[in-house]
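J.: Take a look at the letters that make up each chain.
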Amino acid sequence: MMDMPFLKDVLIPPLLEGLVVTLKLIICSIPFGFVTGILIATGRVYGNRYISFLCKVYVIIFKGCPLLMLLFIIYFGLPSLGISFSPFCAAVIGFVICNGAYNSEYIRGAIQSVKYGQMRAALALGMTMRQAIMNIILPQAMRRAVPGISNEIIYLIKYSSLAYMLTCIELTGAGKIVASRYFKFTFVFMVIGFIYLMLVTIASKLLGMLEKKLEIPGLIK
Amino acid sequence: MKTEDNLILKVEDIHKSYGNTEVLKGVSFEVKKGETKVFIGPSGTGKSTLLRCINQLTLPDSGRVWLHGEEVTHSGKNINIYRQKMGMVFQNFNLFDHLTALKNVEISLIKVRGMKKKEATEKALEELKQVGMEAQAGLYPAELSGGQAQRVSIARALAMDPDVMLFDEPTSALDPELTGEVLEVMKKLALGGMTMLVVTHEIGFAYSVANEIIFMEKGRILESGPPQKLVNNPRFERTKQFLSRLSELYKLGDEK
Numbered sequence: 001m002m003d004m005p006f007l008k009d010v011l012i013p014p015l016l017e018g019l020v021v022t023l024k025l026i027i028c029s030i031p032f033g034f035v036t037g038i039l040i041a042t043g044r045v046y047g048n049r050y051i052s053f054l055c056k057v058y059v060i061i062f063k064g065c066p067l068l069m070l071l072f073i074i075y076f077g078l079p080s081l082g083i084s085f086s087p088f089c090a091a092v093i094g095f096v097i098c099n100g101a102y103n104s105e106y107i108r109g110a111i112q113s114v115k116y117g118q119m120r121a122a123l124a125l126g127m128t129m130r131q132a133i134m135n136i137i138l139p140q141a142m143r144r145a146v147p148g149i150s151n152e153i154i155y156l157i158k159y160s161s162l163a164y165m166l167t168c169i170e171l172t173g174a175g176k177i178v179a180s181r182y183f184k185f186t187f188v189f190m191v192i193g194f195i196y197l198m199l200v201t202i203a204s205k206l207l208g209m210l211e212k213k214l215e216i217p218g219l220i221k
Numbered sequence: 001m002k003t004e005d006n007l008i009l010k011v012e013d014i015h016k017s018y019g020n021t022e023v024l025k026g027v028s029f030e031v032k033k034g035e036t037k038v039f040i041g042p043s044g045t046g047k048s049t050l051l052r053c054i055n056q057l058t059l060p061d062s063g064r065v066w067l068h069g070e071e072v073t074h075s076g077k078n079i080n081i082y083r084q085k086m087g088m089v090f091q092n093f094n095l096f097d098h099l100t101a102l103k104n105v106e107i108s109l110i111k112v113r114g115m116k117k118k119e120a121t122e123k124a125l126e127e128l129k130q131v132g133m134e135a136q137a138g139l140y141p142a143e144l145s146g147g148q149a150q151r152v153s154i155a156r157a158l159a160m161d162p163d164v165m166l167f168d169e170p171t172s173a174l175d176p177e178l179t180g181e182v183l184e185v186m187k188k189l190a191l192g193g194m195t196m197l198v199v200t201h202e203i204g205f206a207y208s209v210a211n212e213i214i215f216m217e218k219g220r221i222l223e224s225g226p227p228q229k230l231v232n233n234p235r236f237e238r239t240k241q242f243l244s245r246l247s248e249l250y251k252l253g254d255e256k
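Chains W and A are the protein sequences, given in the same order.
Its first residue numbered 1, the first sequence is counted upward by one per residue in my numbering.
Its first residue numbered 1, the second sequence is counted upward by one per residue in my numbering.
Derived by calculation from the structure, the hints in this document are not laboratory data.
All values reported here derive from a predicted model rather than from experimental measurement.
Just to be clear, a hint being listed does not mean it is correct.
Far from chain A by the CB rule (all over 10 Å, computed), these chain W residues [unchecked claim]:
{"#": "1", "residue": "ASP3"}
{"#": "2", "residue": "VAL10"}
{"#": "3", "residue": "PRO13"}
{"#": "4", "residue": "PHE53"}
{"#": "5", "residue": "LYS56"}
{"#": "6", "residue": "GLY64"}
{"#": "7", "residue": "LEU68"}
{"#": "8", "residue": "PHE72"}
{"#": "9", "residue": "ILE93"}
{"#": "10", "residue": "ALA121"}
{"#": "11", "residue": "VAL146"}
{"#": "12", "residue": "ARG181"}
Here are some, though not all, of the chain A residues that point toward chain W, as calculated from beta-carbon distances under 7 Å [to be verified]:
{"#": "13", "residue": "ASN80"}
{"#": "14", "residue": "THR121"}
{"#": "15", "residue": "LEU125"}
{"#": "16", "residue": "ALA142"}
Think of the CB as a built atom: it goes at the ideal place given N, C-alpha and C, for glycine as much as any other residue.
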């Protein structure tokens with residue numbers, strides 16, 4: 001089973017290239033997914049009737065449809081409307097839309113868990129609704145949303161492999177090419193699986209540290 | 001018109017219903033500069049709602065509120081300016097949980113008043129000192145006792161240099177040992193000339209500090225008057241009853 005020359009000379013170089021693409025996909029998607037989540041959640045809780053409704057529809061649609069389908073529409077469907085993206089961009093857009101929809105649900109729950117007294121106190125000091133949301137509600141809500149968002153980031157690491165379906169050769173795609181050529185599916189995908197496992201472990205560790213760092217002293221969770 | 005200059009707050013015929021329950025059935029009163037008015041009355045008579053109607057945290061169905069002759073009700077976006085001038089202290093403190101005591105006081109100075117960080121810190125520390133909390137400036141709300149938290153929240157409200165302070169049952173969430181330190185701060189404020197509206201059951205505080213005690217029941221002001229008169233010689237039997245119940249529960253005359 002263990003074939004060192006194959007691993008070292010044939011498999012690792014393309015996998016490393018693929019890994020770089022995977023990391024790029026993830027790193028590009030996380031911040032936008034995060035911001036999308038905040039905007040959608042805030043719009044849903046504090047927006048007027050129309051904004052709130054639009055945000056709700058967004059969540060229903062993108063939480064409800066398969067990510068792969070979304071990616072196909074963005075990459076293969078939109079060009080017929082004259083909008084075309086590179087495989088990488090199409091993948092990131094799809095990930096951000098999907099990640100944002102899920103994040104927004106965690107953040108919405110977190111916003112609603114902040115006691116109304118906090119808002120009341122902020123308004124009583126003369127803050128505008130917007131100032132209160134930005135300075136008082138969101139900083140507290142985001143802390144509570146960290147575990148959920150961490151989960152989404154971990155999902156993102158794994159579903160980034162779908163980019164391969166748009167011919168964006170990332171880790172899984174790079175492995176698939178090698179595996180097909182040398183007919184070593186089990187070995188190659190076990191190596192890839194191990195790499196994903198490492199990525200997820202490192203991410204979990206980092207996110208755990210972040211959560212710890214953001215903890216509010218004295219509050220028992 | 002000297003008397004009008006002295007008038008800080010005017011509340012006129014406030015009505016408020018929640019569903020079919022009419023909580024406030026037309027409440028009017030006036031507050032002069034430096035006065036302390038204490039609202040007493042059974043629970044559920046709309047005292048807290050009344051305070052919240054004054055700074056529009058709760059919108060009254062009808063009635064008007066003026067601060068320094070300017071209308072607070074129907075003031076649209078200007079409401080934020082009026083709220084800055086009306087400090088509010090809540091039963092449950094409502095300190096911002098994610099901020100230290102110092103930052104709780106600082107934040108509105110920076111965000112609302114647009115003060116520089118350094119200046120705001122100085123002022124915040126000054127306010128914390130006023131309530132004897134400067135030593136705990138770096139602690140978070142969850143690390144403070146109830147009495148300490150309430151004192152910080154008083155400092156937070158005072159930092160905006162309000163014209164009037166609204167106290168909504170400031171000691172009701174505190175155990176008896178801790179009410180003293182909060183009442184002490186409030187007493188100091190009142191004696192220092194702050195204009196205050198206080199909803200409380202602390203009849204001892206009302207008796208020794210208030211210029212006027214207002215007895216509310218069922219959404220109306222039943223009677224009001226200077227403490228000595230209202231406590232010793234109430235007009236209505238109902239007032240007498242309620243006051244004697246309060247005096248049994250809370251010590252009258254001296255509040256530690």
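J.: Look at each hint and say if it fits the structure.
T.: Do the hints match the structure? See the list:
Taking the minimum C-beta to C-beta distance to chain A, about 54 Å, the non-interface status of ASP3/W holds against the 10 Å cut. Listed as a non-interface residue, VAL10/W keeps its Cβ farther than 10 Å from every Cβ of chain A; the least gap is roughly 52 Å. Distance check on PRO13/W: its Cβ is at least 47 Å (rounded) from any Cβ of chain A, clearing the 10 Å threshold; non-interface status holds. With a minimum CB-CB distance of about 24 Å to chain A, PHE53/W clears the 10 Å threshold, and the non-interface call stands.
Every Cβ of chain A is farther than 10 Å from the Cβ of LYS56/W; the closest lies at roughly 26 Å, confirming the non-interface assignment. Taking the minimum C-beta to C-beta distance to chain A, about 34 Å, the non-interface status of GLY64/W holds against the 10 Å cut. Every Cβ of chain A is farther than 10 Å from the Cβ of LEU68/W; the closest lies at roughly 39 Å, confirming the non-interface assignment. Against chain A, the non-interface label of PHE72/W holds: every CB pair exceeds 10 Å, the least being about 42 Å.
Under the 10 Å C-beta cut-off, the non-interface status given to ILE93/W relative to chain A holds; the minimum distance is some 33 Å. Once the 10 Å rule is applied to beta carbons, ALA121/W is inconsistent with being away from chain A; the minimum gap is 4 Å. For VAL146/W, the non-interface assignment is confirmed: its Cβ lies about 13 Å from the closest Cβ of chain A, beyond the 10 Å cut-off. With a minimum CB-CB distance of about 54 Å to chain A, ARG181/W clears the 10 Å threshold, and the non-interface call stands.
Against a cut-off of 7 Å between C-beta atoms, the interface hint on ASN80/A holds, since the closest Cβ of chain W lies about 5 Å away. The restraint placing THR121/A at the interface with chain W is violated, with a minimum CB-CB distance near 16 Å, outside the 7 Å limit. With a cut of 7 Å, the hint placing LEU125/A at the interface with chain W is violated, because the nearest CB-to-CB distance is about 18 Å. This hint holds: ALA142/A has a C-beta 3 Å from the nearest C-beta of chain W, less than the 7 Å allowed.
Figure legend: structure checked against the earlier numbered hints; hints not met, in rising order: 10, 14 and 15.
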